[in-house]
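> Construct the entire structure; sequences and hints are all you get.
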Amino acid sequence: MDNHNLLKVRDIHTFIGQFHILQGVTVEVPKGSIVALLGRNGAGKTTTLKSILGLTPPRQGQVTFDGQEIQGRRCFEIASMGIGFVPEHRAIFRDLSVAENLKIAERKKGDLARKEELIFGLFPDLKRLIKLPGTHLSGGQQQMLAVARALVADNQLLLIDEPSEGLAPVLIEQMMKAIRQLSAETTVLLVEQNFIVASQLAESYVIIEEGRSVKSGRMADLADDRETIHRYLGAA
Amino acid sequence: MNDIAVKLRRNQTLIITLVVLFVLYIMAAQGMSTKDWVITTLRGLSSGAVIFLVAAGFSIVLGLMDVFNMAQGTVYMIGAYAGWSVYVRPDTLIDLLTPLALLVVGFLLNPLWNNLLDRLNLSHRAVQVWPWVGLILAGLILLFALPHVPIAVWDWKDYQDSPIVWTQNFTRGIRTSLLEPARFGDISPFIVMGGILLGSVLAAASLVGLQRRNRAASAPRRLPWSTFVPALVLAGIGIGAYLFNDSWTRFLLDLNSTLLFLIAIAVATLTGAALGGLMEIAFIRPLYARPLYQILMTLGLSAIGIDMVREIWGRNPFMLPRPSIFNGSGEGCPATSLGGWLEHHCSTLSVTIGGKAARIRVYNEIFLILVGVVMLVVIWVLIQRTRLGMIIRAGVQDSEMVEALGINVRRVFTLVFALGVGTAALGGVLSGPMTGLSDQMGGNLLLVILVTLAIGGLTSYPGAFVGAAIVGLVQQFIIKYGQLGIKLPFMDEPFKPSPPLVPASTVLLMVIILLIMPQGLLGRKE
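Sequence lines, in order, name chains A and B. Residue numbers for the first sequence follow our numbering, so the first one is 33 and each next one is one higher. Residue numbers for the second sequence follow our numbering, so the first one is 13 and each next one is one higher.
To be clear, the hints were calculated from the coordinates, so they are not data collected in a lab. Keep in mind that a hint or two might mislead.
Said to hold, decoys possible - Short derived list, chain A residues pointing at chain B, Cβ under 7 Å:
id, residue
1, Phe125
2, Arg139
3, Lys141
4, Leu144
What the hints assert, rightly or not - Within a straight-line C-alpha distance of at most 30 Å, the following computed DSS-like cross-link-like pairs (lysine-lysine) qualify:
id, chain 1, residue 1, chain 2, residue 2
5, B, Lys492, A, Lys159
6, A, Lys147, A, Lys163
7, A, Lys247, A, Lys209
8, A, Lys40, A, Lys247
9, B, Lys508, A, Lys163
10, A, Lys159, A, Lys40
Note that beta-carbon positions come from the ideal geometry of N, C-alpha and C, so glycine has one too.
Listed below in C-alpha cells is the structure:
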C-alpha cells in the first residue's frame with residue numbers, strides 16, 4: 033500500500049445522465065500537500081471533485097482515500113471519513129444563521145467548540161457576523177464561511193472548488209493566506225481557474241482536458257512550461 | 013423606528029388583509045348572540061386544529077422534498093381507522109403484531125446483507141439475476157405463510173360482527189364477552205413464523221441486491237454488534253406476541269379506556285409514520301426527478317388506500333367512542349367549574365356567556381384545540397431548535413451540500429416524510445371522536461388542506477397555522493349561519509347558506525386571497 037498518498041484517483045469514468053463526462057481521470061494527492069486541478073471551463077474539474085465525494089459516483093475506476101477504497105459508497109459515508117467540501121457557489125444555507133451554518137457541519141458533539149479558535153483565527157470577520165442569517169453575507173464572507181464550514185469536522189482532506197471566484201483582489205489574498213495556513217495540517221485538492229492563484233498555492237498540478245487527466249507534475253516546472261500552459265489553459 | 017416602518021410598508025398587503033379578516037370575524041358577532049359567537053369560534057378553532065395537523069405535515073414534506081403528497085388525506089383516514097381498531101379491538105392488534113414484526117426483521121438487517129454481498133464475489137450475470145429470483149421466492153414463501161396466521165378480526169359483511177356493532181358494544185362497556193381468540197390451524201405455528209421470517213430476510217436481501225446492481229462493490233467492513241439489536245428486539249416482540257397472546261390481549265382489554273385511547277393515538281401515529289416511511293422508500297424515492305409522476309403516484313396510492321379501508325372496515329361510517337375521561341355524564345354533569353370536571357370527567361362544561369347558559373364539549377372544543385397548540389409548539393421547536401430541524405431547513409435549499417457534510421440526507425428525507433405523514437394520522441385518530449370515521453373523510457380533508465396551504469402560503473409553517481385557523485373558522489361560521497340565517501339588505505327572508513356552501517366559501521376566500529397575494533398570506537415571494 034502506498035502510504036504517501038492520502039488520496040488516489042485511478043482512471044475514473046463518470047456519467048451524468050447519458051453524458052460520459054469523465055473519461056479517465058487519475059489524480060494523486062500526497063499527504064500534507066496542495067494539489068491543483070487545472071483546465072478549461074467544462075473540462076471536468078468540478079465533476080472530478082464530485083466523483084471523489086460520491087455526489088456523482090464514478091461508474092469505473094478506483095478512488096482510494098486513506099488506504100480504503102471509497103468508490104461506490106454513498107456521499108455522506110465518504111464525507112464522514114474525513115473529507116471536507118467547499119463547493120463552487122459556496123452553497124451557504126440561507127435560512128440558517130452563520131453559527132448554524134457552522135454547527136450543521138459537526139459530526140461529533142463539540143466539534144465546533146474545539147475548532148472555534150482555528151476558524152476565527154483564520155477568518156476573524158466571521159466572529160462578528162455569527163448571528164446574521166446566511167443571506168446577509170457578502171460574496172467574500174460567504175466564501176470564508178464555506179471554507180470555515182469544511183473545517184468544523186476533523187477533515188484530513190479538503191476539496192475546494194474555485195476559492196477565488198468572484199472575489200476582490202484583497203479578499204483573494206486573504207483566502208490564499210488562509211488556505212496556505214490550513215495546509216500545514218490538512219491536505220488540499222483545489223480547483224482553480226485563476227492560474228496565478230493556483231500557481232502560488234499548489235505544489236503540484238493535474239491538468240484535465242475533455243474529461244481526461246492529460247498532464248501532471250510539480251507546479252514549479254509548469255510555470256516555465258509556456259507551451260503546456262498555452263495549450264491546455266489558454267492563458268498567456 | 014425606521015426598521016419597523018420599513019417592515020410595515022413591505023408587509024402592507026398582509027396587514028390590511030389580516031385586519032379585514034379580523035373585522036369580518038368581529039362583524040360575524042352581529043348576526044348571532046355572544047354565546048353562539050364564542051361557541052362557533054371554539055368549534056372553528058378545533059376543526060382548525062385538525063386541519064393544521066394534516067396541513068403542517070403536508071407543507072413540511074412539500075418544503076423539503078418538493079413532493080405534493082396527495083395521499084395525505086388518505087393517511088389521515090387510515091390513522092382514524094387504525095386508532096379505532098386498536099381502541100375497540102386490541103386483540104386484533106396483538107394478533108397482527110406477530111406477522112408484522114417478523115416481516116420487518118429482515119429489512120432491519122439491511123447493513124448485514126450489504127456487507128455479505130460485499131464479501132461475495134458474484135459474476136456480473138449473477139448480480140443481475142439473483143435478486144429477481146430471490147424476490148419471487150420470497151413472494152411465494154410469504155404467500156404461503158401469511159394466510160396461515162390467525163387474526164381475530166371484525167367482519168363488516170356480517171352486521172352482528174361489524175364495526176358499528178363493536179362500537180356500540182364498546183360504548184355500552186361490553187368489551188370482552190364477545191372475544192374468541194384466533195388459533196393456529198393444522199400447521200405448526202413455528203413453521204409459519206419461520207416462513208415469514210425467511211420470506212422477509214430473502215425479500216430484504218434481494219432488494220438490497222437490486223439496488224446494488226449498477227454500483228461498484230465497496231470494500232467490506234466489520235459491522236458493530238449494535239446493528240443487530242433492533243432486529244432482535246423486533247423478533248422478540250413478534251414471537252412474544254404469539255407466546256403471550258392471551259395475556260397481552262387481556263392486559264389491553266382491562267385497561268382504562270383513557271389509557272387505551274392514548275395507546276390508540278400512539279399506534280395510529282406510528283402506523284401513519286411507518287406508512288409514510290414505506291411510501292417514501294418504495295414509491296417516492298425513484299421519482300424525485302419527476303414531480304408530475306409523484307403527484308400521480310400519490311393519487312394512485314390514495315385510491316388504493318381508500319379501497320383497502322372499504323374492504324377491511326366497510327363503507328358504513330361509525331364513531332370512535334370518546335375515552336372515559338371525556339365521557340362522564342349523570343350526577344355532577346355538565347360540570348360548572350374545572351374542579352367539577354376533574355372530579356366527574358363530564359363530556360360537557362356548562363358556562364354562562366353574555367347572560368346565556370352555554371355548553372362546551374370538552375373533547376371537541378377544549379382538548380383538540382389544546383392538542384393543536386401543543387403540536388404547533390412541538391413542531392416549531394423541532395424545526396427551529398433541534399439538529400434535525402437545522403438539517404431540514406438546510407436541506408430545503410440544497411440537499412446535496414447537506415449530504416456532502418456527511419449527513420445521510422436520504423434517511424432524513426424518509427424521516428421527514430414519516431413525520432409529515434404521521435402527523436396526518438395523528439389528526440385522523442384525534443378527529444375520530446369528533447367527526448366519526450368514513451371512507452370519505454380523507455378526500456374531503458385533502459381539498460381543505462390544499463385550500464388552507466394556498467391561503468397560508470404553501471411551504472410556510474406559520475402559514476399552515478394561520479390558514480388552518482381561518483379555514484376552520486370560516487367553515488364553522490358558515491355552518492352556524494346556515495342555521496340562523498343572515499339578514500341581508502334588499503332581501504325579505506334571511507339568507508341561509510346551504511351545506512354545500514361550506515367548502516365553497518373557503519375556496520372563494522382562497523381565490524380572493526390569492527388574487528391579492530399570489531404567494532398566500534405568509535408564503536415566500538418567489
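> Run every hint past the structure and note whether it holds.
Against the structure, the hints come out as follows:
About 4 Å separates the beta-carbon of Phe125(A) from the nearest beta-carbon of chain B, less than 7 Å, and the hint is met. The closest approach between the C-beta of Arg139(A) and any C-beta of chain B is roughly 6 Å, which is under the 7 Å cut-off, so the hint is satisfied. Interface hint at Lys141(A): violated, since its Cβ lies 10 Å from the closest Cβ of chain B, which is beyond the 7 Å cut-off. For the restraint placing Leu144(A) at the interface with chain B, the shortest Cβ-Cβ distance is roughly 12 Å, beyond the 7 Å limit, so the hint is violated.
Under the criterion of a C-alpha separation no larger than 30 Å, the hint pairing Lys492(B) with Lys159(A) is inconsistent with the structure, at around 57 Å. Taking the CA atoms of Lys147(A) and Lys163(A), the gap is near 18 Å; set against the 30 Å cutoff, the hint holds. Between Lys247(A) and Lys209(A) the alpha-carbon distance is near 27 Å, which keeps this suggested pair within the 30 Å criterion. Between Lys40(A) and Lys247(A) the CA atoms are separated by roughly 16 Å; this keeps the pair inside 30 Å, and the hint holds.
Distance check on the hinted pair: Lys508(B) and Lys163(A) sit about 55 Å apart at the alpha-carbon level, beyond 30 Å; violated. Distance hint between Lys159(A) and Lys40(A) is unfulfilled; the C-alpha atoms sit about 36 Å from each other, more than 30 Å.
Going through the hint list in order, the structure does not satisfy hints 3, 4, 5, 9 and 10.
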